[in-house]
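Student: Relying on the hints, combine the two individually framed chains into one complex.
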Amino acid sequence: MKNNMDQLLTKALAPTIAPGGKLNDQVLRKAKEAERMAKRKKHYRRFPAAAVLAACILVLGSITAVAAYRYLSPAQAAEETGNDLLKEAFLSEDAVLVNESQESGGYRVTLLGSVAGKNLNRFLPEDGGISEDDRIYTVVAIEKADGTPMPDGSSDEYMKEAFYVSHYIRGLDPVWYGMMGLGGGYTEFVKDGILYRLIDMDNIEMFADKGIYVGVNTGSFYDTDAYRFDESTGEITRNESYQGVNALFVLPVDKSKADPAAAQAFLKECEQSFNEPSEPIEMDERQMEVEEFINMLTSDNLEEYCEMDESTRQVCTPDGDGYISFGNGGHAPVDFVCPDRKAGVRNIGSYSCSDGVVDLNIEVFTLNEDGTVTYAMYHPKQ
Amino acid sequence: MNQKELESYIYAYGKDLYSFCCSVAYDRQEADDLYQDTFLKLYEMGENLEIKKNPKSFLMSISVNLYRNAKRKFSIHKRIMGTAMSIEEAADIPSGEKMTEDEVMEKEECRMVRSAVGKLPDKYRIPVLLFYMEELSISDISSILKLPEGTVKSRIHRAKKILKQKLEDQAYEK
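Chains as they are written, first to last, in numbering that gives the first Met the number 0: chain A, 0 to 381; chain B, 0 to 173.
This is chain B alone, in the form it adopts within the complex (with noise of 0.2 Å):
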């Protein structure tokens, strides 16, 4: 791979791939880290073909298992609730910006939803993460995990279930 093949991943994949580090790092001096990595992982990676049969899941497949190093180096680190606060805040809405009560709702339900996977295990949080920020398929999930499809599927079916419970909890609270 050279520079300039490195510099296309980036332009095509840096959001994505940046986002998903945001929500699995511990804060976003990790989320850097991650995503640095997985680049100069991808990079070292030169010549591998495969990179480039669908570079997307191939990135993605280098971030977990990036991911899943550092968490066993870095057990410490416990996600606690800032982090999903912390990535939101790197992703909302600048103040101060003027929104309609319908927007505000939807910004805040955004923001729930986002805070309720941010607490999910890892084991639901990262499948609903590659199907839904990803957009990714269950067979490339399912490769990148090393997991059968159909445990797959019934880890974010089960995700889906925890989260509505969770988020209709909260607004009952409410």
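So that you can see chain A by itself, here it is in the shape it has in the complex (with noise of 0.2 Å):
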């Protein structure tokens, strides 16, 4: 037995479980149920880079069939975007057309084709965000095989089955590799009955001599039951027991784009952002602001620097388990309002604004002696 128990402590303890695909799912599910999201016909979503699940993907598909004419060319979906620089590209000599479809979990998805080239972004994130400049785009079809329609913005139905699509790297795990960990995003919008997606991530063409595969899964998330992934043979292929939908595609990118050179600086490059530590969400100036104030805030002086609003004041008194209910469907633990325990302080809880201080709504939970909590919702004064 070791001596060193921390190093033998840390060593066994490393987190190593991750959660699967349909879990992450679900809570993303669940988030979007209680906010009602509003809807969008079209959106753009980029996915965090900083961070990455992973993907798999498999060579072809259960069933490979020709594409129907009845689709929208990839031109036409960059097109319907309003991206018109990505239309040209995919109407160029560059541009890599497939039409190839394959079905499974209930859906047929055709990859239709894809396109590689700098500064062809001309739509950016809805946070406004920096275009990247050598990227790859990939267009897919994505309908219900059984000839129903796709639900579109205006339907209760839509964005209610979430696909999950990714370029993978034969060779590189699709953990890591995809669309998450490669600055990905996509936009889509729903056509006669028909989903579209449009994605595009880094450009991985220098890998073209390995090889580049297009999947297709069920989920928000790369979903590991979904593909296999071999590493001795680099090979993805799709799990048949799967009962979701797992369509992988190979892309046939012109091998001639491969640089080997590139590759391994590319490589070099996403470990070392892979092992950088997870990038702090920034803050503009005007939640700064709001930090400031709230971190200046004490019990002592919040009645010196904020009014509370008298028609939010509530007296809580906690439930069996410890919970007390506040505000509009507020619940939480006093241990966790009042983590002091001690009465008459006034504990700043949650905080929220749109324009910074001056529209900035504190909560503000005060332990009672009897027990209960008053909870009451302050503003800085003016």
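In short, the hints are calculated from the structure, not lab data. There's no promise every hint is true.
Residues on chain A that point at chain B, a partial pick, calculated with CB under 8 Å [what the hints assert, rightly or not]:
(1) T9
(2) P14
(3) A17
(4) A30
(5) P332
(6) V333
Okay, the calculated beta carbon distance ranges per label pair [said to hold, decoys possible]:
(7) B:H156 x A:D334: 23 to 29 Å
(8) A:G321 x B:Q2: 28 to 34 Å
(9) B:I161 x A:G321: 25 to 31 Å
(10) B:V103 x A:N294: 50 to 56 Å
(11) B:S138 x A:Q271: 26 to 32 Å
(12) B:K122 x A:D5: 17 to 23 Å
(13) A:E230 x B:S153: 40 to 46 Å
Model, not experiment: these values are computed from the prediction. By construction, the Cβ of each residue, glycine as well, lies at the ideal position given by its N, Cα and C atoms.
Tutor: Below you can see the structure in the form of structure tokens.
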């Protein structure tokens, strides 16, 4: 037995158990339900570059067929998203047109085409981001195998069934080297009952000699149950017993675009970025002001800088489990909102604002001598 | 907090959190519930900037609180040997993988450590998991568990002594 218990514990307890894609999907779905998000017909979503779950794919799907003429072409799909530069790129000789379909999990997925290039991204993320310069773009069409139309933005069913679409590289673990890890994002829309998804991520054509896949699986994440990654051969394959969608295509990219030296440098850069600690979410100036204001507040000076909104005041009695209900649907253990358990001390809970300190709402909890908790919303004095 | 931020937290901390949940929960279903409830609680807390200051520590504090509350509710659930085993099964090597003798020994050693940690009382187990598994600072753990830093240090120290003794006994028995 090793003497160094610290080393042993660090090694034995290193986090190794990843949550399944379905579990993460469930979390997101429930969060979505709670928020009752406004649905959009078209939207752009960007995967955070920091972290990575994984994805894997496999070669040749269960049923492969030539796609019918009824689909939009990749150029038309790009046009639908308002990206004329990309439309032109899809009409150029560099574009790879595939038109191959596979069926799984009750859906038919058709890989329409792909193109890569610099500065083709003319639609920015919702939060305003920097348009990456060298990207690979691929369009897939997803439809119900039974012919019923896919729900569009006006339907309550829209986005209930999530799909994760990504490129993968033969020989590299899809958990790391997919949309999540390589700065991916997508735009989608429904037209004539067919969902079109346009994905983009860092250009990986330098791996053309190894092989590039395009995978579509059920869920919002790469699902390790959907595909198998063979580390010894580098092959990604479909899990034939998977119940959901797990289409997998080989993208017929021009092998002359392979660049082993660039690929090596790319991998090195990826490894570095994967090992970097997660980037803190940047705060803008107003958020900084809010944070400074909140940090300055104490139980003693709260009244000096803020005033209570009397209409929000509630005296909350803890239930049998020590939880109180407050505000509009708030629910929390007393230990959480009044961690010091000292009567009379005002504890600042969560706070929110849309324009900074001027419209800041601050939840304040005060433990009373009789064990009840007074909840009230405070606002900064003007 | 919006969906995008929630996703970024899931990507960044999902594995860390889930490993913790699996290490404290009675079974996989409870671990899933704890994991899900932790993120939903985080989401519910919305714009609280405390989240952004030290997200991992914040997330773990939610999870520890939820776990303690759930434990109070379901005190009938007693941890049994099988718990540690199921967690290891989830974490461990695919069957059929070829390993050298050293690798086998190392895996076995890790399995024994995890099993021994799994049998510690919560007052030792949770600080150990937060410190070694989640790599949180003593100060963060102190804040999460609402204990003085000295108490956290002494519990971890005491836990290591218990573990060392258990592991030596097991090695001797073998």
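Student: Hint by hint, note whether the structure agrees.
Tutor: Cross-check of the supplied hints:
no., hint, result
1, T9, "5 Å, holds"
2, P14, "4 Å, holds"
3, A17, "5 Å, holds"
4, A30, "5 Å, holds"
5, P332, "6 Å, holds"
6, V333, "11 Å, violated"
7, B:H156 x A:D334: 23 to 29 Å, "26 Å, holds"
8, A:G321 x B:Q2: 28 to 34 Å, "30 Å, holds"
9, B:I161 x A:G321: 25 to 31 Å, "30 Å, holds"
10, B:V103 x A:N294: 50 to 56 Å, "52 Å, holds"
11, B:S138 x A:Q271: 26 to 32 Å, "29 Å, holds"
12, B:K122 x A:D5: 17 to 23 Å, "20 Å, holds"
13, A:E230 x B:S153: 40 to 46 Å, "43 Å, holds"
Of the numbered hints stated above, the single one contradicted by the structure is hint 6.
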